[in-house]
Amino acid sequence: MILVFAENKEGKFKKNAFEAVKFGSSLASDLGMECHAVVLGESDQPESLGKYGAKKVIHLNNHQLNEFDDVAYKNAINKVASDVGANFIILSHTALGKGLIGRLAVSLKAGCVPAVKGHLMLGSDPVFVKPVFSGKAFAHYQTSGPSVISIIPNSLQLTEVDGADPVEVEEHEVEVSGSGVKLIKKDVITGTVPLPEAELVVSAGRGMKDPSNWGIIEELANELGATTACSRPVSDSGWRPHHEHVGQTGIAIRPNLYIAIGISGAIQHLAGVNNSKVIVVINKDPEAPFFKAADYGICADLFEVVPKLTEAVKKYKAASN
Amino acid sequence: MKLLVCVSKTPDTTAKVDFTSDSSSYNEDGKQFIMNPYDEWYALVRALELKEANGGEVVIINAGPASNDAILRKGLAIGADKAIRIDCDPQTAFEAAGQVATYAKDEGFDIVFCGKETIDYNGSVFGGMLAEILDVPFISYASKMEFADGKATINRDVEGGVEVVEAKTPFVISAAKGLAEQRIPNMRGIMMAKRKPLDIKTGSEIENKVKVLKFELPPAKGSVKMIDPENMDELVRLLHEESKVI
Numbered sequence: 001m002i003l004v005f006a007e008n009k010e011g012k013f014k015k016n017a018f019e020a021v022k023f024g025s026s027l028a029s030d031l032g033m034e035c036h037a038v039v040l041g042e043s044d045q046p047e048s049l050g051k052y053g054a055k056k057v058i059h060l061n062n063h064q065l066n067e068f069d070d071v072a073y074k075n076a077i078n079k080v081a082s083d084v085g086a087n088f089i090i091l092s093h094t095a096l097g098k099g100l101i102g103r104l105a106v107s108l109k110a111g112c113v114p115a116v117k118g119h120l121m122l123g124s125d126p127v128f129v130k131p132v133f134s135g136k137a138f139a140h141y142q143t144s145g146p147s148v149i150s151i152i153p154n155s156l157q158l159t160e161v162d163g164a165d166p167v168e169v170e171e172h173e174v175e176v177s178g179s180g181v182k183l184i185k186k187d188v189i190t191g192t193v194p195l196p197e198a199e200l201v202v203s204a205g206r207g208m209k210d211p212s213n214w215g216i217i218e219e220l221a222n223e224l225g226a227t228t229a230c231s232r233p234v235s236d237s238g239w240r241p242h243h244e245h246v247g248q249t250g251i252a253i254r255p256n257l258y259i260a261i262g263i264s265g266a267i268q269h270l271a272g273v274n275n276s277k278v279i280v281v282i283n284k285d286p287e288a289p290f291f292k293a294a295d296y297g298i299c300a301d302l303f304e305v306v307p308k309l310t311e312a313v314k315k316y317k318a319a320s321n
Numbered sequence: 322m323k324l325l326v327c328v329s330k331t332p333d334t335t336a337k338v339d340f341t342s343d344s345s346s347y348n349e350d351g352k353q354f355i356m357n358p359y360d361e362w363y364a365l366v367r368a369l370e371l372k373e374a375n376g377g378e379v380v381i382i383n384a385g386p387a388s389n390d391a392i393l394r395k396g397l398a399i400g401a402d403k404a405i406r407i408d409c410d411p412q413t414a415f416e417a418a419g420q421v422a423t424y425a426k427d428e429g430f431d432i433v434f435c436g437k438e439t440i441d442y443n444g445s446v447f448g449g450m451l452a453e454i455l456d457v458p459f460i461s462y463a464s465k466m467e468f469a470d471g472k473a474t475i476n477r478d479v480e481g482g483v484e485v486v487e488a489k490t491p492f493v494i495s496a497a498k499g500l501a502e503q504r505i506p507n508m509r510g511i512m513m514a515k516r517k518p519l520d521i522k523t524g525s526e527i528e529n530k531v532k533v534l535k536f537e538l539p540p541a542k543g544s545v546k547m548i549d550p551e552n553m554d555e556l557v558r559l560l561h562e563e564s565k566v567i
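Residue numbers (this note's numbering), protein chains in the order written: chain L, 1 to 321; chain X, 322 to 567.
These aren't lab readings, by the way, just hints derived from the structure by calculation. One or more hints might be untrue.
[Unchecked claim] Pairwise CB distance ranges, derived in the manner of DEER restraints: (1) L:Gly215 with X:Asn552: 50 to 60 Å; (2) X:Arg504 with L:Val129: 32 to 42 Å; (3) L:Asp236 with X:Gly429: 29 to 39 Å; (4) X:Ser564 with L:Asp236: 29 to 39 Å; (5) L:Gly123 with X:Asn507: 55 to 65 Å.
[To be verified] Just a sample of chain X residues kept apart from chain L, beta carbon distances all over 10 Å, derived: (6) Leu369; (7) Glu378; (8) Thr423; (9) Asp431; (10) Gly448; (11) Met508; (12) Lys522.
Here the structure is a predicted model, which is why all the values come from computation and not from measurement. Glycine included, each C-beta is placed from N, C-alpha and C at the ideal position.
All chains, full assembly: derive it from the sequences and hints.
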């Protein structure tokens, strides 16, 4: 049995929850097992997980589980995993997943492989592939006995299962005992896709010269439907918010497209972005190390070329409509 | 306050990533090793600031072989009062957490610090494992912490922002950028570190449930395709038709 914990924010699933279910169901089909999902707190559409391969959803609909609490979530998932005899418990490697995975694995006396990008089969055993050294290499992990695995967002193609049967949703209430840690407030951007989940990212660095120049970056991002990011010096100088900083000390992302504008490409920056599927680098310095990591490069003044790129995207969108 | 800081040894951030010829482990030959930056820059320094403000003791701990003494000496030079090394060679975060817990469980620490992840394995599970064994809350990816009257107010980094939580001691906290400012040890600190205690304890037997079969390097990246800056239509066409990302 594969049990997937599908994260739920304000009653809604984000893409990472569907990806975790998709990962769990593909593991289940390789192992000849069933994939079930567990949802905690209020949820609008627990049955929608069926589209990604969950055969059954166990919904613990306690309002005390609406917000993340490491101990309460660990107890709830532990109970379900023990009841159904889960062989693998799958989480998303999100902020929430990182706060939960170690604790959950220890409580289940399970093995633990965090932050994997997928699995392959070695005979009848799964091997989990985990990026290490900030994505500069991969490690193949094998587990014995029950295991808790977390999957990095944007690691797999999200496709719906054709003709999935309607999924059975079991509603339960559970005893909740939490950690005593109190959530006071949330200070989270709304309206744009957060960076770890973004498929398209437009990122800019010191080459922008001044925070007042960011208009051209935002226009390009808007036109593409991309999320904006920045390099460390930019967030350190307060030009852009801390949560936009990608790189070794910021966040690591793996979008489909990463456009780096006026960023030289120091090794610490590359560590956060080198798992992007396609990298475009715009820099006027032909010696910028980032060109070596890029798929496409444009060696030119960013203030001239970025508006041209925005226009080209506009034209492309108009033509394809 | 009694504060424990868990530190790990990692290859230097700029060290080449390569593996032994059988691909079973990281090739340590000729590599520089450092204290994991999140442990040193943020976890340790925030612990020292708390001690400076509230009194108490900062203990720095590592589960590892004798070659790890160098990073513990550095931690003492930065300002920790005492170092503990549990003599063992942990292969997983679970082993390391188990070793540290065996020491920490009877010591009554108010706050146990670690870094948000190590820069080599990028797992970020150690702190949660330790918290579960010690039966205390775990607050992950902390980028700010204020402390007064036995109560901490902590910013926890989440997707697209922060959550602010309030926690009473004891708890385990993992440090992200922003929690403190890096400190460089001075000559006086380095001299004093030589006289500070570094105790070695015997490790216990801990069973491992996961193992690494092999490491591999990603396929070499093809060379960059340069695009004429006057022809952005061409770039958009390639992104759509060739790489299919838009």
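Against the structure, the hints:
1. Remark: the range hint 50 to 60 Å for Gly215 of chain L to Asn552 of chain X is contradicted by a beta-carbon distance near 23 Å.
2. Here the CB-CB span from Arg504 of chain X to Val129 of chain L is close to 38 Å, well matched to the stated 32 to 42 Å.
3. For the hinted restraint 29 to 39 Å between Asp236 of chain L and Gly429 of chain X, the CB-CB distance of approximately 37 Å keeps it satisfied.
4. Between Ser564 of chain X and Asp236 of chain L the beta carbons are some 32 Å apart, a value that agrees with the proposed interval 29 to 39 Å.
5. Range check, Gly123 of chain L to Asn507 of chain X: about 57 Å between beta-carbon atoms, so the 55 to 65 Å window is met.
6. The Cβ of Leu369 of chain X sits about 19 Å from the closest Cβ of chain L, beyond the 10 Å cut-off, so the non-interface label holds.
7. Distance to chain L confirms Glu378 of chain X as a non-interface residue, since its nearest Cβ pair spans about 24 Å, more than 10 Å.
8. Every CB of chain L lies more than 10 Å from the CB of Thr423 of chain X, the least distance being 14 Å, so the non-interface label holds.
9. Even its closest Cβ contact with chain L, about 15 Å, leaves Asp431 of chain X beyond 10 Å, as expected for a residue assigned away from the interface.
10. Not every C-beta of chain L lies more than 10 Å from that of Gly448 of chain X, the closest at about 7 Å, which undercuts listing it as non-interface.
11. At roughly 27 Å from the closest C-beta of chain L, the C-beta of Met508 of chain X stays outside 10 Å, upholding its exclusion from the interface.
12. Every Cβ of chain L is farther than 10 Å from the Cβ of Lys522 of chain X; the closest lies at roughly 21 Å, confirming the non-interface assignment.
In this structure, the earlier hints numbered 1, 10 are contradicted, and the remaining ones agree with it.
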